[in-house]
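Colleague: Listed below are the residues making up each chain.
4 protein chains.
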Amino acid sequence: MSKAKPAPALSAAEISEILAVEFPQAFYDGSGLTIERVDYGDVRIRKAFHEDHLRPGGTISGPTMMELADFAMYVAVFSAVGAQALAVTTNLNINFLRKPAQADLIAEARLMKVGKRLAVGEVSLYSDGEDEPVAHVTSTYSLPVRS
Amino acid sequence: MSKAKPAPALSAAEISEILAVEFPQAFYDGSGLTIERVDYGDVRIRKAFHEDHLRPGGTISGPTMMELADFAMYVAVFSAVGAQALAVTTNLNINFLRKPAQADLIAEARLMKVGKRLAVGEVSLYSDGEDEPVAHVTSTYSLPVRS
Amino acid sequence: MSKAKPAPALSAAEISEILAVEFPQAFYDGSGLTIERVDYGDVRIRKAFHEDHLRPGGTISGPTMMELADFAMYVAVFSAVGAQALAVTTNLNINFLRKPAQADLIAEARLMKVGKRLAVGEVSLYSDGEDEPVAHVTSTYSLPVRS
Amino acid sequence: MSKAKPAPALSAAEISEILAVEFPQAFYDGSGLTIERVDYGDVRIRKAFHEDHLRPGGTISGPTMMELADFAMYVAVFSAVGAQALAVTTNLNINFLRKPAQADLIAEARLMKVGKRLAVGEVSLYSDGEDEPVAHVTSTYSLPVRS
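Residue numbers (the numbering used here), protein chains in the order written: chain A, 1 to 147; chain B, 1 to 147; chain C, 1 to 147; chain D, 1 to 147.
Calculated directly from the structure, the hints in this document are not laboratory data. Keep in mind that a hint or two might mislead.
Pairs involving identical chains hold if they fit within one copy or between any two copies, as the list cannot separate such chains.
Straight-line distance between alpha carbons at most 25 Å, and here's what the computed SDA-like set of lysine to any residue pairs gives [to be verified]: (1) Lys113 x Arg46; (2) Lys99 x Leu86; (3) Lys99 x Asp131; (4) Lys5 x Lys113; (5) Lys116 x Leu10; (6) Lys113 x Pro144; (7) Lys99 x Val145; (8) Lys99 x His50; (9) Lys116 x His50; (10) Lys116 x Pro24; (11) Lys113 x Asp128; (12) Lys116 x Gly32; (13) Lys113 x Leu143; (14) Lys113 x Val88; (15) Lys113 x Ala85.
Full structure from sequences and hints, please.
Modeller: Structure follows, in structure tokens:
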């Protein structure tokens, strides 16, 4: 993209603080989630590996990947439009590409559109240290009316 | 559909037993999951309400709905082709339609295609006792080569 | 659904007239499209078979099916909220299920949600006379602000 | 990606020749389609602007975009696994992001996975000369058994 990107609306530390208060069901000590990088509409999240995400065949479960991707999109929305606790996912589409390693999962989320009503983004999920994605997600968030 | 449907490959009790052994991460005492009905490629699953699925705004979380839909599709695949522990989701698309009630979630899953390589289905999710779905899912499972 | 459905906002004849004027690129003499049934949020469209939709393997092309599904959703939106020429598709997801016959295509579209901002529906596509769908679509339309 | 990419299985000129013979319904003189670049699993296609793709509001139609994305994925599959005339789309998901300009459409398609049975990719669509995509597609092709 040739245009300079705006600064993020909130930093990683600010978003972490807000989510710990507003969204403790997902983002709590022991959730294994770390917000590693926050640029405008472009964030990186790490999910620590836990054995209890495994399923037959020894891989991290699909729902674990969907949950991480959804969380990463939520953070990406915050990075672009500020804390919108009532933003809600309207659509999520995931393609599972490869068996994940028994390692941390990394989500790279990037918004493709930030409109008045909708934000649309994509998330690539990787096993830590690998080049090829284990899953790819596109997702739409509906944004509350902002004044 | 005018043609008579085949009998299911396995009963609800048989699938429950197999999953408790093969898939205890998802299907365990306390998971809140009950396989309520199993016809051929057409199943109904109940997920008991727990407060810890809530998120800002007081609704059941998106990942909880995705996990239930994925589980329901897995059971629907078993109902059509027998126990295929290594069947894997390749694609899942979810549209979130309404705020769920603070009630059990019901998943009605129905296969639209059972091929040699792929099974494709749809899942409607309801709050128990409501007529209008809270979410709708389509999903594809890749089937292992069967002899 | 147990509740009585409202009457459609427009009849098949009314929608046909409006589209012939407002949307002649898609709905013109020779498009092969007929609006066969219009209930509230629930419509049936027929696309006449033409040889030029074939592709390698002798089937009707994917884009022909996507175009028909998108058109059927557009008509379903009209049936629920009236003529909204500026309603736009924001998301469309299609699963191709079976090789279509060399026959007319039938689209059965049904809205699952009619909100203030978004309408979400599903479309099943059939070869005329067949029981099993050849494709299944879910789609979201963004609705203009209505007064 | 850190690994060197393989050479494409076929060049742009070779793919153009094959498609003109095998897929003349889509790729013919006057289709407006040009295969501009072919790397391994990574291609660029141009669709010349024609007024008859317009719809209410003066934009290029959704089906035109879906057709171009599907064609670009087909070419990307050829670039990776050679001419597979019988490769078929099993799933396509499109998010419409912005109103396209009255200009050529550019498709950048990139495979994320090339497996034995399935190829999965994403396509970004642009109005010629613009930085921001007008639509984003993910799609899965089922590959015939290869010897």
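Colleague: My question is about Lys5 and Lys113: at a cut-off of 25 Å on alpha-carbon distance, are they close within one copy, between copies, both, or neither?
Modeller: Classified as within: same-chain Cα gap 13 Å, cross-chain 30 Å, threshold 25 Å.
Colleague: I want to check one pair: Lys99 and Val145. Are their C-alpha atoms no more than 25 Å apart within a copy, between two copies, both, or neither?
Modeller: Cα proximity of Lys99 and Val145: across copies only (17 Å, versus 40 Å in one copy).
Colleague: For Lys113 and Pro144, with the copy left unspecified, which applies at a CA distance of at most 25 Å: within, between, both, or neither?
Modeller: both (15 Å within a copy, 18 Å between copies)
Colleague: Quick one: Lys99 to Leu86, C-alpha cut-off 25 Å, is that within a copy, between copies, both, or neither?
Modeller: Only across copies: Lys99 and Leu86 sit 12 Å apart there, 33 Å inside one copy, limit 25 Å.
Colleague: 25 Å Cα cut-off: does Lys113 pair with Arg46 within a copy, between copies, both or neither?
Modeller: both (23 Å within a copy, 23 Å between copies)
Colleague: For the identical chains here, do Lys113 and Ala85 meet the 25 Å Cα criterion within one copy, between copies, both, or neither?
Modeller: both (19 Å within a copy, 23 Å between copies)
Colleague: Given identical chains, is Lys113 near Asp128, meaning Cα to Cα at most 25 Å, within a copy, between copies, both, or neither?
Modeller: between (27 Å within a copy, 18 Å between copies)
Colleague: Using 25 Å as the alpha carbon limit, work out where Lys116 and Pro24 are close: within a copy, between copies, both or neither.
Modeller: neither (27 Å within a copy, 30 Å between copies)
Colleague: Is it within, between, both, or neither for Lys113 and Val88, if the alpha carbons may be no more than 25 Å apart?
Modeller: Answer is both; intra-copy 15 Å and inter-copy 16 Å each pass.
Colleague: Under a CA distance limit of 25 Å, which applies to Lys116 and Gly32: within one copy, between copies, both, or neither?
Modeller: neither (32 Å within a copy, 34 Å between copies)
Colleague: Up to 25 Å between alpha-carbons, please classify Lys116 paired with Leu10: within, between, both or neither.
Modeller: For Lys116 and Leu10, only the intra-copy Cα distance (18 Å) is at most 25 Å; the inter-copy one is 30 Å.
Colleague: Have a look at Lys99 and His50 and pick one of within, between, both or neither, based on CA distance no larger than 25 Å.
Modeller: within (16 Å within a copy, 30 Å between copies)
Hints 9, 10, 12 from the earlier list are contradicted by this structure; the remaining hints agree with it.
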